[in-house]
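A.B. asks: Oh and the sequence shown: position 106 is 122 in the working numbering, straight run, nothing missing.
Hint data in this document are derived by calculation from the structure and do not stem from the laboratory.
Take the hints with a grain of salt, since some may be wrong.
Said to hold, decoys possible - Heads up, simulated DMTMM-like pairs for lysine to aspartate or glutamate below, C-alpha to C-alpha not over 20 Å straight-line:
no., residue 1, residue 2
1, Lys205, Glu20
2, Lys205, Asp18
3, Lys174, Asp29
4, Lys37, Asp159
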Amino acid sequence: MDYEKIYARKAPDGAERRDLKRISDSLGEKIRSLLSKMRVTAEVQLVGSTSKGTNLKGGDIDLFIVFPTSYSRSDIVKVGLKIGHMILPDGQEKYAEHPYVFGYVEGHKIDIVPCFSMKENDNLKSAVDRSPLHTRWVNANLDDLKRKEIILLKAFMKGIGVYGSEVSKGGFSGYVCELLVIRLGSFQKVLEFFAGSEKRLRLTQDHPSPIDDAPMVVTDPVDRKRNAAAAVSMENLARMRILSREFLNKPSEEFFDGFPRKSPPNIPRKTCFRIFSLERPDLLEDVIYPQIEKLRKIIVSESRNEGFHPIDSEIVFGRRINILVELENDVRPAIKIHAGPPAHSQETRKFLDKWDKSPHVRGPFIVDERPVVEVKQVSRFNDVIISALRDKDIGANLNSVKGSIRIYSVPATKEQRDLMQKYMTRNLTG
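Please take these sequences and the hints and turn them into a complete structure.
C.D. replies: The structure is reproduced here in structure tokens:
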């Protein structure tokens with residue numbers, strides 16, 4: 017495997033690196049000038065993968081305005097947003113632990129984020145305060161060879177669909193990639209680590225392991241109580257293990273570029289599809305996605321409990337939230353057996369008394385050692401699930417749009433057709 021060739025394809029070339037430096041230097045000077053005019057005491061730091069030389073092509077520029085802890089949170093947010101909008105007139109506000117401004121300059125995404133100046137293992141005022149510490153620690157522990165190894169690892173993880181710490185991705189952040197290479201030594205050794213691992217993963221070196229039952233724990237060296245890999249899902253950990261093993265067995269550039277999606281054979285599936293579509297509240301992805309995932313799990317669980325035998329499910333969300341579920345059947349019998357206690361139990365008397373006074377279809381009669389009755393039940397899937405969802409808590413923000421749920425048996429919009437295509441062409445990379 018020619019890693020140099022892959023590195024050349026995935027890493028920014030000299031021209032891009034010069035552009036990133038020119039833009040970040042220029043924006044940094046403008047921010048410093050504004051801080052001086054506003055008589056605000058704060059530093060400007062370039063953080064993130066671009067500041068470490070570990071970024072893939074098309075990297076972002078993360079500029080942090082670092083305030084002394086003598087400032088209040090409201091002060092740094094106010095100043096940060098004001099400067100952010102002055103530097104990026106067309107910028108928009110996003111919300112991490114507090115608001116910040118992002119926009120684009122010459123095609124490069126720019127984040128301007130306020131934070132507090134902290135030391136390693138201090139009690140942080142906000143999660144973003146770690147970022148400058150991460151940058152300093154990584155740069156102090158990297159050389160140019162390891163930077164290349166990190167870019168190879170990021171490209172591999174991106175190619176197999178496990179790169180990215182967004183809640184909806186549940187993958188490996190750039191910082192975790194950097195920690196893995198620094199601690200294990202190389203791209204190859206990281207893959208060997210995953211390929212040979214079992215059960216939950218712990219990479220804690222000489223630090224005490226954070227108390228965390230996450231699938232993977234990587235101690236954050238600048239905050240030893242924190243699991244840097246807390247976002248990694250069990251599914252993506254499994255994907256990384258399996259595909260690391262496959263790559264080591266048979267290396268291919270395909271792992272870095274993504275596997276082609278193939279449609280399954282066009283055979284009658286004899287199954288039923290349902291797409292649940294509802295309004296998407298105007299909230300950040302990291303806020304709304306856990307509620308979407310909660311709704312998906314409720315739909316699957318209720319489908320299973322009510323006898324519709326779900327096979328699999330998938331989510332796509334853009335302008336609307338769409339959740340697809342494939343079922344073995346969408347109609348169940350109009351009656352069901354309701355069993356009573358075993359014959360030796362004195363509770364059989366209560367069971368018989370209850371059903372003597374309650375509506376039922378047939379019985380009581382004996383099956384094996386229990387009295388049973390037949391009772392009516394709703395038979396159509398849509399009716400059963402809508403009724404079940406009515407009483408379910410599907411999340412603080414989704415509860416308010418529960419009434420907008422519509423159920424489709426065939427895709428009705430482009431988003432729903434994309435969802436069906438995504439579902440039908442799933443492979444090892446997702």
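A.B. asks: Each of the hints needs a verdict: does it hold here or not?
C.D. replies: Outcome of the hint check:
no. : hint             : in the structure
1   : Lys205 <-> Glu20 : holds (17 Å)
2   : Lys205 <-> Asp18 : holds (17 Å)
3   : Lys174 <-> Asp29 : holds (19 Å)
4   : Lys37 <-> Asp159 : holds (19 Å)
Going down the numbered hints, you'll see the structure goes against none, and every one checks out.
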